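Since each chain comes alone in its own frame, lean on the hints to assemble the complex.
For the record, the sequence lines run as chains R and H. Anchor point for the first sequence: position 16 equals 16 in this note's numbering, and the numbering is continuous, going up by one each time. Anchor point for the second sequence: position 144 equals 144 in this note's numbering, and the numbering is continuous, going up by one each time.
Keep in mind that a hint or two might mislead.
If you want the footprint, here are the derived chain R segments under chain H, 3+ residues with CB under 8 Å [claimed, not checked]: (1) 47-60; (2) 81-91.
Here are the computed distance ranges between Cβ atoms for each label pair [to be verified]: (3) H:F99 x R:I98: 25 to 35 Å; (4) R:L100 x H:R25: 21 to 31 Å; (5) H:S26 x R:I10: 27 to 37 Å; (6) H:V46 x R:L100: 41 to 51 Å; (7) H:V46 x R:I98: 12 to 22 Å; (8) R:I98 x H:N115: 45 to 55 Å; (9) R:S96 x H:T110: 35 to 45 Å; (10) H:I143 x R:Y90: 31 to 41 Å; (11) R:R88 x H:L98: 30 to 40 Å.
Listed next, the in silico BS3-like pairs over lysine-lysine satisfying Cα-Cα at most 25 Å (straight line) [said to hold, decoys possible]: (12) R:K91 x H:K87; (13) R:K102 x H:K87; (14) R:K102 x R:K91; (15) R:K91 x H:K162.
No wet-lab data here; the hints were simulated from the structure. Since the model is a prediction, treat every value here as computed from it, not as a measurement. Positions of the beta carbon are idealized from the N, C-alpha and C atoms, including for glycine.
Read off the chains here:
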Amino acid sequence: MTVGLEHYLILSAVLFAIGLYGALAKRSALVILMCIELMLNAVNITLVAFSRYITPVALTGQVFSIFSIVAAAAEVTVGLAIIIAIYRHYKGIDTSNINLLKW
Amino acid sequence: MGQSISFWVLAVIAVAAALGVVLLRSVFRSALGLILCFLAVAGIFVTLNADFLAAVQVLIYVGAVAVLIVLAVMLTREVERGNVPNKLGIPVLITSALFLGVSAWAVLTTSWPQNKALPVEPTAGALGYLLFGQDGFVLIVEIAAMVILATIIGAISITREK
Chain R
1 MTVGLEHYLI LSAVLFAIGL YGALAKRSAL VILMCIELML NAVNITLVAF
51 SRYITPVALT GQVFSIFSIV AAAAEVTVGL AIIIAIYRHY KGIDTSNINL
101 LKW
Chain H
1 MGQSISFWVL AVIAVAAALG VVLLRSVFRS ALGLILCFLA VAGIFVTLNA
51 DFLAAVQVLI YVGAVAVLIV LAVMLTREVE RGNVPNKLGI PVLITSALFL
101 GVSAWAVLTT SWPQNKALPV EPTAGALGYL LFGQDGFVLI VEIAAMVILA
151 TIIGAISITR EK
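Excised from the complex, chain H in its bound form (with noise of 0.2 Å):
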């Protein structure tokens, strides 16, 4: 019950404020309105008993990657149109109407073979053995550490002034 009203009402949050990010004038409206939308997505991480997800998904996502297109929307100031649509408005429009549709359709016709158990309840331990414990996604940990890396090399070459 406690699940249903907050799913609903994260639900109705998360795509007010996508629907703001897509249709507000000023582009720094629409990096708040993604704000607004990264932490309904943390809250419905939290329905979903992903706890330790939650938690990531605000420090990373709100706290880093979104504070890094704030500070891109100041830096790129211009004499600019804002947030206007291209020449593809109206097909683009009709083929995401579409794509939802057919997503939808999916969704509601195939059965799911679910599984009643309950899941496992602090999440942070489980994932810490899923990891980094044995038989587990170290291997993955270790290239992520590496994609870093290499993202940090990249970024700071590309905004270099000569």
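For reference, chain R alone in the conformation it holds in the complex (with noise of 0.2 Å):
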């Protein structure tokens, strides 16, 4: 059968819903991070089937899709500088031990 463009966005949806679990449901601060990332690739792939099916000719689609893993590949920069630094401090990246800003 032909695969149209609700089979791109429901697998979309399917990798947002388990980035989205990951993310609020996990411990390890990396993990949260890797979910992250899973969630904008998921959002990629919106946009790529949507420039794809609904406006073959013009790509903006696929520019927003640039910009998005620019703007994913910094933010893992910057995530990842922070997880270090809190390992120095707290000696572990469990989530759970990282409450100081609780109320």
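Take a look at the structure:
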């Protein structure tokens, strides 16, 4: 059967839901960061699928994806720098221990 | 037909790798699952005729982001419990399933105005015109350069030894 727009969108929704579960329900800060990257990838698939099936000649979705990849790379860099700084202080990155700002 | 087969194979690989990221016990194996997911997503970009974007995905996500994540996994080894769920495990599972259901329902019940035109074939030239040509996205390219510079300075200043 031919693969249409809906297939790509539902694949993207599945990846986003898996990333959402991991980002909210995991303890290790690194796994949370990895799941945020999963969510960003799912959104990129959505953007490119829309660009391919609705405006195949104007590649606006792909341009948006390129900038999304740039933003994701910058965010991973700073996120990992923060995680390493936290590890130096707490000797661990279990987010249930990093709760100084908690009420 | 080729697009259908490659889409289904790559979709199964991507979803399985994503489940591996979330469910595997060791953080390092989660990172490897993430690399597999990135490669599968690059393949999906190829099935969507986004060839330049697939190359960019492999270069940046697999080549830089995933390598940085594996580096951080190695630098933060601890006597840890690994990849375990926290207190919010079950409510988040219900929320994610609800989100997936609502999204799938919204996707399937909207009539998308699809355009049957053939896509632009090597996308690198067209993307070059869009990014750097007249009435293009040149301003955002410059802003992206500033963002990357700020990121580099920030990351260095956060991890400096006093």
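Hint by hint, here is what the structure shows:
no.: 1; hint: 47-60; result: holds (count 11)
no.: 2; hint: 81-91; result: holds (count 7)
no.: 3; hint: H:F99 x R:I98: 25 to 35 Å; result: holds, 26 Å
no.: 4; hint: R:L100 x H:R25: 21 to 31 Å; result: holds, 28 Å
no.: 5; hint: H:S26 x R:I10: 27 to 37 Å; result: holds, 30 Å
no.: 6; hint: H:V46 x R:L100: 41 to 51 Å; result: holds, 46 Å
no.: 7; hint: H:V46 x R:I98: 12 to 22 Å; result: violated, 40 Å
no.: 8; hint: R:I98 x H:N115: 45 to 55 Å; result: holds, 49 Å
no.: 9; hint: R:S96 x H:T110: 35 to 45 Å; result: holds, 40 Å
no.: 10; hint: H:I143 x R:Y90: 31 to 41 Å; result: holds, 35 Å
no.: 11; hint: R:R88 x H:L98: 30 to 40 Å; result: holds, 39 Å
no.: 12; hint: R:K91 x H:K87; result: holds, 22 Å
no.: 13; hint: R:K102 x H:K87; result: holds, 16 Å
no.: 14; hint: R:K102 x R:K91; result: holds, 19 Å
no.: 15; hint: R:K91 x H:K162; result: holds, 17 Å
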